[in-house]
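Novice: Each chain is listed here by its residues.
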Amino acid sequence: MELLDPTNESRPATRPLRERPASLDGLTVGLLDISKPRGDVFLGRIAHLLEQRGARIVRYTKPTFSKPAPVDLRHEIATTCNVVIEALAD
Amino acid sequence: MTGSIAAPPLPDGLVVVVKRECATCALVEPLLPHLHGALADGESLTVFTQDDPAFPSTVPAVHDADLAVSWHHAVETVPTLIRVRDGAEVERTIGWSAADWRRITGISSLGEGLPATRPGCGSMSVDPDKVDALRARFTGSSVRSRTVAIAGGEDEHEAMFARGWTDGLPVVPPTRERVLRMLTGTVRAPSDVVAVAPPDLVELTVEKVAINAVMAGCLPEHLPWVIAALEAACTDAFNMHGVLATTMPVGPVIVCNGPGTRAVGMNSGINALGQGNRANSSIGRAVQLTIRNVGGGRPGEIDRATHGNPGKLSFCFAEDEAGSPFDPLSVARGVPAGRDAVTVFAGEGPRCVVDQLARTPEELAATYAACLRTVHHPKLIIGFDALLVVSPDHGRLFADAGWDRARLVAELNARLALPGSELIRGANGMAEGIPEGFKDLPSLPKFREGGLLVAFAGGGAGLFSTIVAGWANGNLGSDPVTREVRP
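So the sequence lines, in the order shown, correspond to chains A and B.
According to numbering that gives the first Met the number 0, the stretch in the first sequence is residues 0 to 89, in order.
According to numbering that gives the first Met the number 0, the stretch in the second sequence is residues 0 to 486, in order.
These are calculated hints, taken from the structure and not from any lab test.
Small disclaimer: the values here were computed from a predicted structure and weren't measured.
Cβ coordinates follow ideal geometry from the N, Cα and C atoms, glycine included.
Certain hints may be false.
Said to hold, decoys possible - Computed far set for chain A versus chain B, every beta-carbon distance over 12 Å:
(1) S9
(2) R19
(3) D24
(4) I45
(5) P62
(6) H74
(7) T79
Said to hold, decoys possible - Derived contacts from chain A toward chain B, CB cut-off under 8 Å, selection only:
(8) D4
(9) N7
(10) T63
(11) S65
(12) K66
(13) P67
(14) V70
(15) D71
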């Protein structure tokens, strides 16, 4: 029996994870608030702690937690930051 | 659908398609030699025989053994007489009609002594036992999906489970024959893109929808409904990505309207929201299977629902427009009356509202309001929509009192409004609620403008209605989306 494939037949590209940086000193850390309630509170605290360790912080916000981040925002984060932290909160 | 193999050309002159098994073909057999008299220079008489190469005995015949000529020239009845000029068909008749055969051949005495007419027989090319295989042979390359071979000793159902293609229940194996038959349900080309399917954001073709519709158990006439529901679900407004990804227990609830709901056998009556009707069950299931298989939205991966709900297998029903005291939901949402349409609503499982004692629409509205207030939480407002499905026994009260949709919604909204002090966080001993800043507002609505949808369905007895609570609405989540169903 031959069946027709019901899937999208795509094979997602797999990329190895980058090495964890040994130190955040001098690195740019992006903090992405997905717009869940109080995510900004959590990320504010993280920002404070990371700045004490010498990281440079850039804050981003998704328009809504219920939709993927816009392509432009993803591009900006990828080209600006060395490290990114995404916060889910409620 | 366009055939992928070019039709074999017919020679100029007269073409007759026959089979021995047909009594009407036997009736015209003695006439065939006379047709030579109807030919101009350079024209010929070509007889194609479908079953027996020795038939007819009166003239030489070409055996249409693979039925390619019959298929490509849409021969549905034998005998078929065709006049061809300059390579193109100019006239045809089916069966035996003395008048038609004489007109086409120009032989005024043809068939003297025969009855004036005799109906023909079914062409072998439309034999129900053969037609799917012929369609696959002659149009098969119009579908492009990868072929997955299942070994002879392998159980195809287990193989499909193992590949992750199902929703946990068995599916119909999507063979080429079945998929091509499904594609006869639409005039759209298999390669047409229906939508960009989340979460993987891949182009969703009519062909992929058809494959998943086969698996879901759809008939070809269900396919346009599946396509319309997917077009509606895969919009930024409906936000299928978010509906999948949310931890809340919602999925696309599909409300169908229009005369086509009856034509394709949908249920709007007894147990409309339940099991047992093929169209309801398979249309909703096909939408979910397509999102799963093409979009890549699988539970535990992008689908993060805490509990989910059984309606995520399929939740699709038709409105009982004939019995409804209200205008159809599709009409209320802007589709002209009499058109087929689907409305997708991001909803959880249905919940029953019992009121067997109300005898006035005001009493029943009070009950509806009390139950609608609890949608997701009695102190959460505006952020969630709801779908109220009114039953015939309840609907009668509104019909008798002349309440239309707008009146019912206005009466409900009036009964649902509460002062901010009742709704703020901490009020009535519940931490959940709206921010303290709303405390002094005298009246707040439960639902946003347009956030309360009303449909009419169900059948037989029962002084019950049903509430389907929604998901986060608007830009934050999902808006209901209505789309016309097109062939």
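Novice: All hints, please: hold or fail.
Specialist: Hints versus structure:
Residue placement check: S9/A does not keep its beta carbon more than 12 Å from all beta carbons of chain B (closest about 6 Å). Residue placement check: R19/A keeps its beta carbon more than 12 Å from all beta carbons of chain B (closest about 25 Å). Look at D24/A: its CB is around 35 Å from the nearest CB on chain B, clear of 12 Å, so calling it non-interface holds up. In this structure I45/A is separated from chain B by more than 12 Å, as the shortest Cβ-Cβ distance comes to about 23 Å.
Some Cβ of chain B comes within 12 Å of the Cβ of P62/A; the nearest lies about 7 Å off, and the non-interface call is violated. Interface exclusion of H74/A from chain B stands, the closest Cβ pair being 16 Å apart, more than 12 Å. Remark: the non-interface label on T79/A is consistent with the geometry, its nearest Cβ contact in chain B lying 24 Å away (cut-off 12 Å). Checking D4/A against chain B: minimum C-beta separation of about 4 Å stays under 8 Å; hint holds.
Nearest Cβ of chain B to the Cβ of N7/A: about 4 Å, under the 8 Å cut. The hint holds. At about 5 Å, the closest approach between the beta carbon of T63/A and any beta carbon in chain B falls short of 8 Å, and the interface hint on this residue holds. At its closest, the beta carbon of S65/A sits 3 Å from a beta carbon of chain B; the interface hint therefore holds under the 8 Å criterion. At its closest, the beta carbon of K66/A sits 6 Å from a beta carbon of chain B; the interface hint therefore holds under the 8 Å criterion.
Interface restraint check: P67/A against chain B, minimum CB-CB distance 6 Å, threshold 8 Å, status holds. Interface restraint check: V70/A against chain B, minimum CB-CB distance 10 Å, threshold 8 Å, status violated. The interface hint given for D71/A is violated, since its Cβ lies 15 Å from the closest Cβ of chain B, which is over the 8 Å cut-off.
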